[in-house]
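Engineer: Listed here are the chains, written in short residue letters.
2 protein chains.
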Amino acid sequence: MSVARPHPDPAGHSIEPLRRLVADDLTAVDRVIVGLLDNPVAMIPKIAGHIVSSGGKRIRPTLTLLVARMFGYHGTRHINLAACIEFIHTATLLHDDVVDGSTLRRGVATANALWGNKPPVLVGDFLLSRAFRLMVRDGSLEVLGILTEASAVIAEGEIRQLAIANDLSVSPDDCMDVLQAKTARLFATASEIGAVVAGEEESTRQAMRDYGLSLGTAFQLVDDVLDYSALQNDLGKTVGDDFREGKITMPVLLAFERGTPEERRFWERTFARVEQRDGDLEHAMTLLARHNTLQATLEEAQRHAMMARDALADLAGNAYRDALLDLVGFCIDRKF
Amino acid sequence: MSVARPHPDPAGHSIEPLRRLVADDLTAVDRVIVGLLDNPVAMIPKIAGHIVSSGGKRIRPTLTLLVARMFGYHGTRHINLAACIEFIHTATLLHDDVVDGSTLRRGVATANALWGNKPPVLVGDFLLSRAFRLMVRDGSLEVLGILTEASAVIAEGEIRQLAIANDLSVSPDDCMDVLQAKTARLFATASEIGAVVAGEEESTRQAMRDYGLSLGTAFQLVDDVLDYSALQNDLGKTVGDDFREGKITMPVLLAFERGTPEERRFWERTFARVEQRDGDLEHAMTLLARHNTLQATLEEAQRHAMMARDALADLAGNAYRDALLDLVGFCIDRKF
Chain E
3 MSVARPHPDP AGHSIEPLRR LVADDLTAVD RVIVGLLDNP VAMIPKIAGH IVSSGGKRIR
63 PTLTLLVARM FGYHGTRHIN LAACIEFIHT ATLLHDDVVD GSTLRRGVAT ANALWGNKPP
123 VLVGDFLLSR AFRLMVRDGS LEVLGILTEA SAVIAEGEIR QLAIANDLSV SPDDCMDVLQ
183 AKTARLFATA SEIGAVVAGE EESTRQAMRD YGLSLGTAFQ LVDDVLDYSA LQNDLGKTVG
243 DDFREGKITM PVLLAFERGT PEERRFWERT FARVEQRDGD LEHAMTLLAR HNTLQATLEE
303 AQRHAMMARD ALADLAGNAY RDALLDLVGF CIDRKF
Chain R
3 MSVARPHPDP AGHSIEPLRR LVADDLTAVD RVIVGLLDNP VAMIPKIAGH IVSSGGKRIR
63 PTLTLLVARM FGYHGTRHIN LAACIEFIHT ATLLHDDVVD GSTLRRGVAT ANALWGNKPP
123 VLVGDFLLSR AFRLMVRDGS LEVLGILTEA SAVIAEGEIR QLAIANDLSV SPDDCMDVLQ
183 AKTARLFATA SEIGAVVAGE EESTRQAMRD YGLSLGTAFQ LVDDVLDYSA LQNDLGKTVG
243 DDFREGKITM PVLLAFERGT PEERRFWERT FARVEQRDGD LEHAMTLLAR HNTLQATLEE
303 AQRHAMMARD ALADLAGNAY RDALLDLVGF CIDRKF
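Sequence lines, in order, name chains E and R.
As numbered in the numbering used here, residues 3 to 338 make up the first sequence, in order.
As numbered in the numbering used here, residues 3 to 338 make up the second sequence, in order.
No lab work stands behind these hints: they were computed from the structure.
One should not assume that every hint holds.
Identical copies look the same in the list; a pair holds intra-copy or inter-copy alike.
[What the hints assert, rightly or not] Calculated lysine to any residue pairs in the SDA-like style (CA-CA distance at most 25 Å, straight line): (1) 249 with 109; (2) 48 with 276; (3) 120 with 182; (4) 120 with 172; (5) 59 with 327; (6) 249 with 79; (7) 59 with 212.
Computed from a predicted model, the values in this text were never measured in an experiment.
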């Protein structure tokens, strides 16, 4: 099943040109990450290295680097803090995959699929503890406050996600709240940290938080759509992971809301009771198409993409600002 | 099987008198803990509350409170920081029980036994994130450095523990290193933090770190002995948890070292390959008795207890110092 995009970009978007703009910084971030994983306990570089190097796009650290450079920052704090943000993200992924029982991520076997649940739980804790150590070494209570707050919001978002995992009575607003806590908040923080190290004032920091939050929201909504898109399969990612886990995302919630009594019974069986049979995923995708909910979710993503672009409106133009605008396009237009 | 203790204390030791000495502070710590668990997401107070309130002795926060008071501290920072330390400890327990597949802790069903692995993984993350938030609010980079360092050492210790879980070739020194990283380090930190908030100089802080490290080491060695003690059963804790998990502790390591070739084959089957049959636990306990390794482990615990007492030798005497000495006796003499 292919999904029509509301505003297709004929040129397509790639993240590579933006990454080239901060290529040296990204290399430095990678060096910090690799250095922190270097540990005589073989399990640590093995498992952490597996996820860190398994095709992640490093969007969050790239965000911190681009924002810091956009504001003319020339120090080195953004390097360590970008690594910190990637570590928080990676720790979350490891625990997420354990909790969701996921077997593939970006087309590669997950750590829990390869080594069981125990190592990823502990290596996630290890990464998080290293992230906090990096933060403390940065030496700013203000930055520590921002990052620990983000970490607390993410942790709470993860729990709320689990709490509503099979609950079709959740409202779209609650669903959006969880999405923003789990995903968008770290984008907002990654973006804000760039402005903070550059010494920008509060109104500018707020603009960067707004940009990151909207960008992250659009990113995740597109992710939720892609999970039901056949294209995924070509890229090695499994289609229907969210379906099999009974994870309620916007496209499903809208289809449930718009569904006939019979359709609702289907969603209740497959999501609330997670009783799934052969052909259910295909039927689910038919229902999503019938009610245009992938389309509606993409339109919602577009709305947040617009808000992200708007948040940059008052900033002076330069190559980095252009890159942040392109990043919005990438998050919306990506196929994986 | 009952274990003869090398220096039995006819009076016995109870932790209650020491707790009474800082009763108001402990009540304040509990209030902070309960306040932080108060969350509209029901799973959080349910699961965190289950472990926080399930009979823990609050030894670590008590340590911080006693040390701070011993040095005449009259502020309130020690309250929040003691809560912080208990949160780090509780988060570790939740993840530990998931990793070990434990079903009972202190005679009460573990969170993973009651609700599966998912909630405890995420609630552990939540508690840790709240601990870091508390630390940041305390506002001292020095304290943050000490606590994040401890958290990093614990996380690494957990992984090393898993890495050596079924490895009988581990040396007693390595086994001790892991024990100290996993358990004793947080005792050392809890103790040091009390001296730091009271503004004590480095040599005194070092003495308190030494005290805590030795105390925590003695505590855990006794714990490892108690896991093979029949007394446990009366208290609802299962005997032989470590055995069933193939978790290599000092009593087993010593029995392996001292064992005949046939006995070594038994340990290799039951620990290295974790192939266990009815009667194996009883046979293991016979072997521990034959080589006196529970006794030897208790003597090692006594040695660390002595070091803990020595670390307090140069400090001015007062009721709090006496309590810290009593705490050593309690950790050695406890039956549960």
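Engineer: Please go over all the hints and tell whether each is borne out by the structure.
Structural biologist: Checked hints:
1. 249 with 109: Within one copy only: 19 Å inside a chain, 35 Å across chains, cut-off 25 Å.
2. 48 with 276: between (34 Å within a copy, 24 Å between copies)
3. 120 with 182: Intra 28 Å, inter 21 Å, cutoff 25 Å: inter-copy only.
4. 120 with 172: So residue 120 and residue 172 pass the 25 Å test across copies only (20 Å; inside, 31 Å).
5. 59 with 327: within (17 Å within a copy, 55 Å between copies)
6. 249 with 79: Intra 38 Å, inter 42 Å, cutoff 25 Å: neither.
7. 59 with 212: For residue 59 and residue 212, only the intra-copy Cα distance (22 Å) is at most 25 Å; the inter-copy one is 45 Å.
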